[in-house]
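Residue numbers (this note's numbering), protein chains in the order written: chain X, 1 to 159; chain U, 1 to 193.
These are calculated hints, taken from the structure and not from any lab test. Glycine included, each C-beta is placed from N, C-alpha and C at the ideal position.
Ranges between beta-carbon positions, derived for each pair: (1) U:15 <-> X:107: 19 to 27 angstroms; (2) X:129 <-> U:15: 19 to 27 angstroms; (3) X:101 <-> U:88: 34 to 42 angstroms; (4) U:119 <-> X:41: 29 to 37 angstroms.
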Amino acid sequence: MPESIDALLERGYRYAFSLSHDAVDAEDLLQDACLSILASGGSWEQAYVFTTIRNRFIDRYRRNRKILFLSLDHEGERSEGDHADLNWDAPDVLQNGQLGRALGSLRTEEREALFLAVVEGFTAEEIAMLTARPRGTILSLLYRAKAKLRDLLRKQVLS
Amino acid sequence: MNTKKIDDQIRDYYASQGPAPHSVARLRQMIRSGAPLPSRRRIWIASAAALAVALTTIIWTAANRGESPQQIAAAVAHQAAIGHNDKQELEFHVRDCAELQEQMKSLDFTLVEPAMVKEMGMRIVGARYATLAGKMAAQILYIDSHGLPCTLYEVRPADQLARVATGEYQVDGLRVSVWKERGLVMVLARPMA
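Extracted from the complex, chain X is given alone in its bound form:
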């Protein structure tokens, strides 16, 4: 196990939370993923753990017949620089719960891409590999997630 197991579990939990946006679901997903890795004798590398969490999430929501991960492949692709100016100075919205609510309003794939890029520091290429989407689609997703987040927060602050 190359990374401290506690650190890996915490990162895994946060990734699961970025998918489900629910603390209980995130813990369940993490546990499911750990059981699955143990059963299959898989690796405790971060990439494998994240992939397993993602697969468990998709399985679970497919089973519950919820729709998620809408296709974005028809959307226009963007270049790397398009979202560079979207790290704007925002009023401190963390403390009053506005950021959590705004993130919860994003689509799953938007929140996931944002988490992987901003928190985990993944490149668009790495996110594309994990999520099996074209790199251009990931860039588009990141751009739109940031733009949507900015609009949501602006509305919340104004109200």
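Since the structure of chain X is provided, determine the placement of chain U on it from the hints.
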């Protein structure tokens, strides 16, 4: 009003989220020991499954004593159709039959992939433990070339099942095939074309 870069706020937000310490400790222990901890729920499920197999065996044997091979086949076809339509939750999600063989360790036989499945271009999705004719079986979900779900049961040909006849049945809008292959009884329920 204080301002902060949105990326920093997103990082702070996720940093403030974390699993409960006791959950981390439990998972750490499970990972280091290399085996899932036997929770009370798991023990209860295992006991209930064993009891269900025993009861089903007794009831099925009593109900089908002296039946012809065709009647046995019709009975398992009916049971398979019910199982298919129930759409119960899968316990294993796999990419191929070899992976499923690895995971379903509690079966008293080795899973095989029937030739029909390959010929029809079906793709495995996952499986669960089940009973068929009172015997422990693997209930395997496939998706056919039209994207439709099909359910395959594999079971050891013990007791009454040793005499099961090959046949094809139409039950509840499904086509159910019963046959023997590589030492196992196979029952495949699929939508009618």
